[in-house]
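Enquirer: Here is what each chain is made of, one letter per residue.
There are 2 protein chains.
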Amino acid sequence: MTQATPMVEMWRGDFLESAHSGHAVICDAGGQIVQAWGDPDKIVLSRSSTKMIQALPLITSGAADRAGLSTEQLALACASHNGAAIHTRRVEAWLGTLGLSDAALRCGPQMPDDRTAREKLICDHGAPGQCHNNCSGKHAGFLTLSHHLDAGPEYIDPDHPVQRACLEAFEATTRETSPGYGIDGCSAPNYAASLHGVARAMAHFAAAPTGSAETRLHEAMRLHPDLVAGEGRACSELMRAMEGKVAVKTGAEGFFTAILPEQKLGIALKIADGTTRAAECAIAAILVKLGVLESDHAATRKRLNAPITNRRKVQTGWVRAASALL
Amino acid sequence: MTQATPMVEMWRGDFLESAHSGHAVICDAGGQIVQAWGDPDKIVLSRSSTKMIQALPLITSGAADRAGLSTEQLALACASHNGAAIHTRRVEAWLGTLGLSDAALRCGPQMPDDRTAREKLICDHGAPGQCHNNCSGKHAGFLTLSHHLDAGPEYIDPDHPVQRACLEAFEATTRETSPGYGIDGCSAPNYAASLHGVARAMAHFAAAPTGSAETRLHEAMRLHPDLVAGEGRACSELMRAMEGKVAVKTGAEGFFTAILPEQKLGIALKIADGTTRAAECAIAAILVKLGVLESDHAATRKRLNAPITNRRKVQTGWVRAASALL
Chain H
4 MTQATPMVEM WRGDFLESAH SGHAVICDAG GQIVQAWGDP DKIVLSRSST
54 KMIQALPLIT SGAADRAGLS TEQLALACAS HNGAAIHTRR VEAWLGTLGL
104 SDAALRCGPQ MPDDRTAREK LICDHGAPGQ CHNNCSGKHA GFLTLSHHLD
154 AGPEYIDPDH PVQRACLEAF EATTRETSPG YGIDGCSAPN YAASLHGVAR
204 AMAHFAAAPT GSAETRLHEA MRLHPDLVAG EGRACSELMR AMEGKVAVKT
254 GAEGFFTAIL PEQKLGIALK IADGTTRAAE CAIAAILVKL GVLESDHAAT
304 RKRLNAPITN RRKVQTGWVR AASALL
Chain G
4 MTQATPMVEM WRGDFLESAH SGHAVICDAG GQIVQAWGDP DKIVLSRSST
54 KMIQALPLIT SGAADRAGLS TEQLALACAS HNGAAIHTRR VEAWLGTLGL
104 SDAALRCGPQ MPDDRTAREK LICDHGAPGQ CHNNCSGKHA GFLTLSHHLD
154 AGPEYIDPDH PVQRACLEAF EATTRETSPG YGIDGCSAPN YAASLHGVAR
204 AMAHFAAAPT GSAETRLHEA MRLHPDLVAG EGRACSELMR AMEGKVAVKT
254 GAEGFFTAIL PEQKLGIALK IADGTTRAAE CAIAAILVKL GVLESDHAAT
304 RKRLNAPITN RRKVQTGWVR AASALL
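Protein sequence lines correspond, in order, to chains H and G. As numbered in the numbering used here, the first sequence has no gaps in its residue numbers, which increase by one up to the final residue, 329. As numbered in the numbering used here, the second sequence has no gaps in its residue numbers, which increase by one up to the final residue, 329.
Think of the hints as simulated: they come from the structure by calculation, not from any bench. Quick caveat: nothing in here was measured; it's all calculated off a predicted structure. Cβ coordinates follow ideal geometry from the N, Cα and C atoms, glycine included. Careful, some of the hints might be misleading.
[Claimed, not checked] Using C-beta positions, here's what the derived DEER-type ranges look like:
1. H:Leu226 - G:Gly155: 52 to 62 Å
2. G:Thr119 - H:Glu95: 25 to 35 Å
3. H:Gly129 - G:Glu297: 31 to 41 Å
4. G:Thr100 - H:Pro310: 31 to 41 Å
Only chain H is shown next, with the shape it has when bound in the complex (with noise of 0.2 Å):
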């Protein structure tokens, strides 16, 4: 097994203070490695990070379009959302066409990392509801798909026909038998794969035909960046910083994908730490290096080559690439 490569340095004055290493893969449209670092093989949940594959079951089975979803809905599917009131409504408005409410959803609640509605909450002395939850808008997708299926209401249950469906489109796009599941943090079953698998799924999203399944959905996540993440958000920033020609999508544990449509290309990537702050500045590195976003652009000097301020706003050190990435 090959070593994680290191890949984003934390520098305090003139020294290294930490370093993150991780494994990372670009995939073309064939499957095959164009570039990896780390250990291409390493058997890794993405998390939400392939949350687009999870909602190709709501396209395929017909159920978004028997539903009408807009664009805005599929993004909400694939989204890890801040639980601003421009999710949570549009999540609330989805559940009232389903006939269901916030107790339908399986998610659990979450205080929004948005600050506006979290601190609104705090001061009305309420609680977060399961629409707060950064993965509300895919589990409105899996009712909708599990009322499409006429299935029963405990859709995150491993072999409810929904998880089955998830579970076939994991396999199918990743092109591997996954090893297991873990439990995500929503508490749907998470599937496991090979980086690479996730990178070659990633890789089939960006090469799919027009009006595809695949395509509609990496669409509207470029079309609709806000509601994938929202403000001040990585994938947010990102996506609006490349024009909106490639999808990215975080996962907790120190996961990114990205979608390259243009060039057919799939990137996963995993800091072995499980590092946030690392995966957005390798993911940016990454995406400077294959030229589809610019190096001087703010959303990129955000998180590669980012200076580090102290509470007083003195600037105390940088985040850097390592080498490898460069």
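Position chain G relative to chain H; hints supplied.
Expert: Only chain G this time, still in chain H's reference frame:
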């Protein structure tokens, strides 16, 4: 240079999802290594984990006794506190005895980690002050020393007599010439040393005679664990679990130190990727290994072999120490 040693594993279901490596040294009163993991010679910034060294000149100069500082104030001088009322009221009162206010501090404002204090500030539309900064007790100590030395107000300047005294204490206790410094989150210089040097300094504290400045400081920490950190925090909970027999202190970017007076041992630990969750698990594992912390105490089980639960309280995995620490 020796590689970092695998120390902490994050399991999700049957999958090792993320892993943390680190460096650690246990040192005896003679400055010799009892046990080490990774590279003892690694140059590190020990950040807040060595605040007790920065507090030494406060006592050795005579400033603490002239100001009549209590053990509570000495504990606060070594603290990275939550900014709860128990902390900020004491720091404000301390500044008052010097004829000073929040404005004399140079640590910068910080939103408190303490939930009650934070939510009160948010709902009152207030802004955090410098007293809320987790380092405000250390800075009140700096101001006390500065007042005693009749020195200027910019006490965080590396050329200021307060910081020169801190460097002298740092080099005396680590028994090394520091290769330089980084600027800390609170704007004070943070001097570099080898990890062995930091452990040697902690062993120096552990073996110091009754009534010495060193002993007065670690006694104050062990006597007032809630003032050193706060509700729910590792330092407070682990010190209480060890019935005040051991002083432990966290530092940013995955640092931890421990002072074991009965055993006359010192510990310094650095997680290479800078992650707090791993530092807390690893220091707990080492303290269990040394027989000073019960493996089945609630404070231990919260960090070592701790269940990971999701937003519906479903257990999804485990935080485990790697074999090297068992």
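Enquirer: If I claimed the Cβ atoms of Gly129 of chain H and Glu297 of chain G lie 31 to 41 Å apart, would that claim hold in this structure?
Expert: The hint (31 to 41 Å, Cβ to Cβ) holds, given that Gly129 of chain H and Glu297 of chain G are roughly 39 Å apart.
Enquirer: Does the beta carbon distance between Thr100 of chain G and Pro310 of chain H stay inside 31 to 41 Å, or does it fall outside?
Expert: Holds: the Cβ-Cβ distance is about 38 Å, inside 31 to 41 Å.
Enquirer: For the pair Thr119 of chain G and Glu95 of chain H, does the Cβ-Cβ distance stay inside 25 to 35 Å?
Expert: About 31 Å separates the Cβ atoms of Thr119 of chain G and Glu95 of chain H, which means 25 to 35 Å holds.
Enquirer: Holds or violated: the 52 to 62 Å window for the beta-carbon distance between Leu226 of chain H and Gly155 of chain G?
Expert: Check passed, 58 Å falls within 52 to 62 Å.
Consistency with the previously given hints is maintained throughout, with no hint failing.
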